[in-house]
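Whenever a hint applies, use it, and build me the whole structure from the sequences.
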Amino acid sequence: MGERPVLHMLHTCPFCWKIRSIAEHLNIDYQKVQVNAMKTKKELKFTNGWEKVPVWTEVGGEIVVDSTPIMKHIDVTYNGGELWNSENVTRRDEWIEWVDTNLSKATIPILYGGLFSALKTTTRVSKLEKFGFFSKRIYAWMGFPIMWGIIARSRVKKDGRKPKQLWHDLLTEFTDEFGDAPFFGGQQPDLVDLAAFGYMRS
71 MGERPVLHML HTCPFCWKIR SIAEHLNIDY QKVQVNAMKT KKELKFTNGW
121 EKVPVWTEVG GEIVVDSTPI MKHIDVTYNG GELWNSENVT RRDEWIEWVD
171 TNLSKATIPI LYGGLFSALK TTTRVSKLEK FGFFSKRIYA WMGFPIMWGI
221 IARSRVKKDG RKPKQLWHDL LTEFTDEFGD APFFGGQQPD LVDLAAFGYM
271 RS
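Offset between the sequence shown (1-based) and this note's numbering: plus 70.
If a hint is listed, it holds; no wrong ones were tucked in.
The list that follows gives simulated cross-link-like pairs (lysine-lysine, PhoX-like), each with its CA atoms no further than 20 Å apart:
(1) Lys-175 / Lys-122
(2) Lys-112 / Lys-102
(3) Lys-234 / Lys-175
(4) Lys-175 / Lys-232
(5) Lys-122 / Lys-102
(6) Lys-102 / Lys-142
(7) Lys-122 / Lys-142
(8) Lys-109 / Lys-122
(9) Lys-122 / Lys-112
(10) Lys-122 / Lys-111
(11) Lys-102 / Lys-115
No lab work stands behind these hints, which were simulated from the structure alone.
Here is the structure:
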């Protein structure tokens with residue numbers, strides 16, 4: 071292994087942005103390895119069956135998968151668990167689940183909820199992610215109608231709100247929980263704040 075922990079990632083993946091947000095917040099020096107979006111199974115075979123990004127690998131070889139468990143691992147390993155520590159465990163657990171359930175699902179409609187936004191997003195993804203010459207073009211022009219027509223529109227239809235209104239309502243609900251504090255975690259951001267921030271950055 072190298073001298074730095076490694077994050078296997080996709081540049082535009084909301085779950086990967088969660089990891090990038092906590093790593094940057096803690097000033098962790100780590101290596102980013104961009105995975106080919108069409109070959110995740112092959113490039114992540116070292117995980118023994120886990121085929122999704124993000125994947126975090128420590129210098130000693132320990133492999134951690136799934137975004138929220140990775141965030142908790144990073145917090146414990148590099149920060150003594152301070153970001154996950156809370157005086158109100160019930161509130162913390164309820165809201166990390168809320169963030170992971172609601173904000174994660176809202177990212178697809180905001181990125182792919184309209185025909186133009188879907189084309190713009192998939193074109194951007196094809197430029198930023200690691201694709202082969204032909205797969206890049208196939209994704210850019212075939213991926214957007216699939217994302218728009220099947221996934222995003224079904225979620226928009228099911229919810230009933232336009233994507234921007236959905237995001238506005240969710241962020242309002244989340245920030246209302248802050249009370250008079252600047253963050254969910256109080257005077258300083260905690261792991262719930264950083265998870266939400268990661269979804270927003272994507």
